[in-house]
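Student: Sequence:
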Amino acid sequence: MASPVRVWLNRTYAENVFFMDQLRDNPQRRPVEIHATHGDPDSPVLAAADTAAREPEGLSPAAYLEYALAQCARHAIDVFVPVLHQATVAAHREEFAALGTALLTPPAEAVTTFQDKARAYEKVQEIGVAVPPWWRVRTEEQLLTAVDALEGAGHKACFKPAAGAGGVGFRIITRTPFSLLHLGGFPSPYVPLQLVVDALRRTERRVDWLVMPRLDEPEVSVDCLTGPDGRVRMAVGRTKNGRRRGFTLDPSWTGPARHIAETFGLHHLTNIQFRLYDGEPVLLDVNTRPAGGLHQLSQCGLNAPWAAVRLALGEEPGDLEPRFLGPDYAVVAGPRPLRPTALPQQRTDSPVLQPIAPTRSTPSPATPPTPAPSEPSPPSQPERADAALPIS
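Residue numbers 311 to 702, in our numbering, belong to the letters of the sequence shown in order.
Hints are supplied without guarantee of correctness; some may be wrong.
[What the hints assert, rightly or not] SDA-like mimics (lysine to any residue), calculated; alpha carbons at most 20 angstroms apart, straight line: (1) K433 x R446; (2) K466 x K433; (3) K466 x N551; (4) K466 x P502; (5) K433 x G565.
[Unchecked claim] Simulated restraints, written as ranges between beta carbons of each label pair: (6) P632 x E376: 37 to 43 angstroms; (7) D426 x R633: 34 to 40 angstroms; (8) R515 x A408: 18 to 24 angstroms; (9) F634 x E527: 39 to 45 angstroms; (10) D518 x A407: 31 to 37 angstroms; (11) E404 x Y500: 18 to 24 angstroms; (12) S608 x T449: 44 to 50 angstroms; (13) A418 x G368: 18 to 24 angstroms; (14) R554 x E404: 21 to 27 angstroms.
Think of the hints as simulated: they come from the structure by calculation, not from any bench.
None of these values were measured; they are calculated from a predicted model.
Quick reminder that beta carbons are idealized off the backbone N, C-alpha and C, glycines included.
Build out the structure end to end from the sequences listed, making use of the hints.
Tutor: Here it is in structure tokens:
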């Protein structure tokens, strides 16, 4: 039997249990061993892995790099899929290669470009990709100027952190005064403008927001697989319109995504999101990591995680073209097992950490969870990384 391909996923989204399932269920039937680490002992990715370890908390990027190199050496990792401290890891690709570990991540420069959403919008505009109007806001005066301009043009204003992921911090501004209406039903992303202004006046903390119009659906997340040679092997859009989900190969969505991936060297798996502004597709966000909903492409007959691992190993998976797109659908979440006992907190005084062999159980078949939007709209819930991680 061939030696197993050893893959490590560091602190990542809980939905990536499906990423792991697809690696094991690869069409070549090659054995795969998965190592997972996380800060949350109850993350489902730990239970789904062959070996697992709880990550130490509070490591600086430099200290985390040493930890990551030690993990790859100890576990003989073939492919590392970094999420936490992605840019730092990517900047040391040669050090991982010296250990025999390939990185499934774009180059550090590309990761850094898209960590700052304002800089990202500037860069993609330069190559002809449409973006919505936006204002970078750090003060009360800048906020009021942006909101007045958007509302004067007939738009709802919203804001989100200039750096962040998973829809964390996204809010829609309303002029309606705070009242019992805001306390009924489920929590809403709508926030009265005066409350935001009051918060800015009271805080000593610096904010860095992007203010922009609330964009129209559908939201289309284009999953791309791009080789180190810069050629895109896959670009398939996953559409979301309310509860309805579907797939598209419409070039009005996939064309700009391909252009961005090729121009900026977004190698391996990335996710590029669009919505509509005045009826035309505009860029919403660029994620330099595999999307939490990537596994849904299996409904099109595609196993993108395995193709990406092969590409990272220097093999050629060929172009991934859907054999079919299938009908529109809706998704609901299903249960995943946890470890029977929590993993102990690992020490931070040594980068060499012992693996903890899990108690494996076979999960019942479950319907994949709802894919996570970068910009949430009620009643959908935003994708989140466990333990509120700083994710690129």
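Student: Hint by hint, say whether it matches the structure.
Tutor: How the hints compare with the structure:
no.: 1; hint: K433 x R446; result: holds, 15 angstroms
no.: 2; hint: K466 x K433; result: violated, 25 angstroms
no.: 3; hint: K466 x N551; result: holds, 18 angstroms
no.: 4; hint: K466 x P502; result: holds, 12 angstroms
no.: 5; hint: K433 x G565; result: holds, 17 angstroms
no.: 6; hint: P632 x E376: 37 to 43 angstroms; result: holds, 41 angstroms
no.: 7; hint: D426 x R633: 34 to 40 angstroms; result: holds, 38 angstroms
no.: 8; hint: R515 x A408: 18 to 24 angstroms; result: violated, 41 angstroms
no.: 9; hint: F634 x E527: 39 to 45 angstroms; result: violated, 24 angstroms
no.: 10; hint: D518 x A407: 31 to 37 angstroms; result: holds, 35 angstroms
no.: 11; hint: E404 x Y500: 18 to 24 angstroms; result: violated, 48 angstroms
no.: 12; hint: S608 x T449: 44 to 50 angstroms; result: holds, 47 angstroms
no.: 13; hint: A418 x G368: 18 to 24 angstroms; result: holds, 23 angstroms
no.: 14; hint: R554 x E404: 21 to 27 angstroms; result: violated, 45 angstroms
Checked against the numbered hints given earlier, this structure breaks hints 2, 8, 9, 11 and 14; the rest are met.
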